[in-house]
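**Student:** Protein sequence lines, in the order shown, are assigned to chains A and B.
Following our numbering, the residues of the first sequence are numbered contiguously, the last one being 173.
Following our numbering, the residues of the second sequence are numbered contiguously, the last one being 44.
A hint or two may mislead.
Each pair of labels, with its calculated beta carbon distance range [said to hold, decoys possible]:
1) R38(B) with M68(A): 22 to 28 Å
2) Y75(A) with F16(B): 17 to 23 Å
3) Y21(B) with S117(A): 24 to 30 Å
4) M1(B) with F120(A): 25 to 31 Å
Which chain A residues stay away from chain B? Per the calculated CB distances, all over 10 Å, these [to be verified]:
5) V61
6) S144
7) G165
In case anyone wonders, no lab produced these hints; they're calculated from the structure.
Ideal Cβ positions, reconstructed from N, Cα and C, are used throughout, including at glycine.
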Amino acid sequence: MIARLRVLQYGGETIREDTPERHRAKAGTPSMGGFIILTALLVSTLLWTNLHNRYVWVLIVATASFAMIGFLDDYRKLRTRKGILAKQKFGGQILAVGALMTWLYLWPPDGFTTALSIPFFKGWLVTLGALWVPFAVLVIVGASNAVNLTDGLDGLAIGPIVMAGELSRSSRI
Amino acid sequence: MLYELLVPLARDSIVFNVFRYITFRAAMAHGDGHRDLRSCSGRG
Numbered sequence: 001m002i003a004r005l006r007v008l009q010y011g012g013e014t015i016r017e018d019t020p021e022r023h024r025a026k027a028g029t030p031s032m033g034g035f036i037i038l039t040a041l042l043v044s045t046l047l048w049t050n051l052h053n054r055y056v057w058v059l060i061v062a063t064a065s066f067a068m069i070g071f072l073d074d075y076r077k078l079r080t081r082k083g084i085l086a087k088q089k090f091g092g093q094i095l096a097v098g099a100l101m102t103w104l105y106l107w108p109p110d111g112f113t114t115a116l117s118i119p120f121f122k123g124w125l126v127t128l129g130a131l132w133v134p135f136a137v138l139v140i141v142g143a144s145n146a147v148n149l150t151d152g153l154d155g156l157a158i159g160p161i162v163m164a165g166e167l168s169r170s171s172r173i
Numbered sequence: 001m002l003y004e005l006l007v008p009l010a011r012d013s014i015v016f017n018v019f020r021y022i023t024f025r026a027a028m029a030h031g032d033g034h035r036d037l038r039s040c041s042g043r044g
């Protein structure tokens with residue numbers, strides 16, 4: 001599949017001019033490899049989780065919508081050498097997660113709570129109420145963009161993704 | 001999907017009860033995920 005992506009992308013990823021010499025070997029690496037990771041994550045989730053659990057669907061839709069935004073960005077980059085604008089990407093992420101979190105807040109499943117526990121303060125819970133929605137959006141979009149900023153050097157992004165992916169899949173199950 | 005399919009079979013045979021266990025399903029999903037990754041990247 002990687003070879004096929006490389007052929008389809010006429011040589012693959014270009015790299016920035018200010019990239020250190022050591023990393024120039026990455027030129028030509030095909031983009032959209034996240035499609036492979038997403039396939040593995042979604043297939044195993046759909047096969048082995050309890051699909052009656054709404055939290056499972058929240059995670060699946062959130063992952064798939066972020067992947068779709070990433071796909072659009074990469075696809076446009078291949079066509080026009082420019083991805084989608086930062087505000088479009090950011091806006092799309094906020095919109096997707098905002099809709100999901102609002103859905104959870106307005107139609108809460110069993111056991112849902114907006115109480116936030118503070119590390120090291122046992123028994124101290126802050127009930128966020130409606131503020132839980134923007135807080136959840138901040139955490140999810142922030143974590144996603146943290147990985148995005150980490151990406152670029154070998155293994156820096158995939159390391160956290162392997163751990164986060166395993167944790168996410170286990171929590172879905 | 002396999003969860004929905006296999007767990008009800010525990011009524012007929014106790015062997016299928018294993019599919020209720022989170023650790024078992026997590027291990028199976030882990031294996032499936034790796035198999036998908038390997039086959040998609042052409043290393044399977």
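**Student:** Now, for every hint given, state plainly whether the structure supports it.
**Tutor:** Verification of the supplied hints:
1. R38(B) with M68(A): 22 to 28 Å: 25 Å, holds
2. Y75(A) with F16(B): 17 to 23 Å: For Y75(A) and F16(B) the Cβ distance comes to about 43 Å; the hint is violated.
3. Y21(B) with S117(A): 24 to 30 Å: Holds, at about 27 Å.
4. M1(B) with F120(A): 25 to 31 Å: Given range 25 to 31 Å: violated, Cβ gap about 41 Å.
5. V61: 17 Å, holds
6. S144: Holds, since 20 Å exceeds 10 Å.
7. G165: Not fine: 8 Å to the nearest Cβ puts G165(A) too close to chain B.
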